[in-house]
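For the sequence shown, the residue numbers in this note's numbering are 1 to 199.
Rather than coming from a laboratory, the hints here were simulated on the basis of the structure.
Do not take every clue at face value.
Computed cross-link-like contacts, DSS-like style, restricted to lysine-lysine with a CA-CA straight-line distance of at most 27 angstroms [to be verified]:
(1) Lys91 to Lys73
(2) Lys73 to Lys54
(3) Lys136 to Lys146
(4) Lys73 to Lys146
(5) Lys91 to Lys146
(6) Lys167 to Lys146
(7) Lys187 to Lys167
(8) Lys187 to Lys91
(9) Lys91 to Lys136
(10) Lys91 to Lys54
(11) Lys146 to Lys187
(12) Lys136 to Lys187
None of the values given here were measured: they were computed from a predicted structure.
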Amino acid sequence: MIDGTIDRVIDREIDRTALQFIAIDMDGNILDDSYRLSDRVVAVLATLHTQGKKIIIATGRIFMAAQHYLIEKIEPDRYVCTNCADIFEPKGVQIAAYHIPPQAVPVLIELGRAHEVVAHEVLMCCYISDQWFYEKPLPAVEFYQKRTGIQGLQRNIESFEGEDILKFLAIGPHEEILAIRDELGRKAPTMLEIIANSD
């Protein structure tokens, strides 16, 4: 959590007064395991703000899914969202966008379709604007809706072609995710930033 992490980082011979910007992730940092923002975290961030520190939320979440938890509690100075694909000012004004290149979308669709046949437990979904879409109503849909606070919409995966996709996700068993990562690395090595984790 933020209250312990910040103290540990700052105590490593860093002058607290020299810190001007603090970038903080949401999941596992300012949000607890139940995706809640505690009063203690809000108080720590408010104190940092009153000390003149700039708070930057750096998250894999889209802007709406990040702001959903913070609105009326914290007003960060910037949001770096969607794994650095989108940068926003506090009120949601977009400063920069680095979305999935259109030529990579057919590769993602083909890969999603192939892995859906092989591993029925892998949820393939993507973000278009402030909404996320999935094709198959797998158990991971409920998990991801709880995690994001956003209701997903069901849609055919082929219909994603031609859309401005912020983020494409595969959620499932870690060994399947690693296989998808490796295949994407071979098929689209320079088009995409590929991240695989076990959260």
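Hint by hint, here is what the structure shows:
{"no.": "1", "hint": "Lys91 to Lys73", "verdict": "holds, 13 angstroms"}
{"no.": "2", "hint": "Lys73 to Lys54", "verdict": "holds, 16 angstroms"}
{"no.": "3", "hint": "Lys136 to Lys146", "verdict": "holds, 17 angstroms"}
{"no.": "4", "hint": "Lys73 to Lys146", "verdict": "holds, 20 angstroms"}
{"no.": "5", "hint": "Lys91 to Lys146", "verdict": "holds, 24 angstroms"}
{"no.": "6", "hint": "Lys167 to Lys146", "verdict": "holds, 18 angstroms"}
{"no.": "7", "hint": "Lys187 to Lys167", "verdict": "holds, 17 angstroms"}
{"no.": "8", "hint": "Lys187 to Lys91", "verdict": "violated, 38 angstroms"}
{"no.": "9", "hint": "Lys91 to Lys136", "verdict": "violated, 34 angstroms"}
{"no.": "10", "hint": "Lys91 to Lys54", "verdict": "holds, 15 angstroms"}
{"no.": "11", "hint": "Lys146 to Lys187", "verdict": "violated, 32 angstroms"}
{"no.": "12", "hint": "Lys136 to Lys187", "verdict": "holds, 24 angstroms"}
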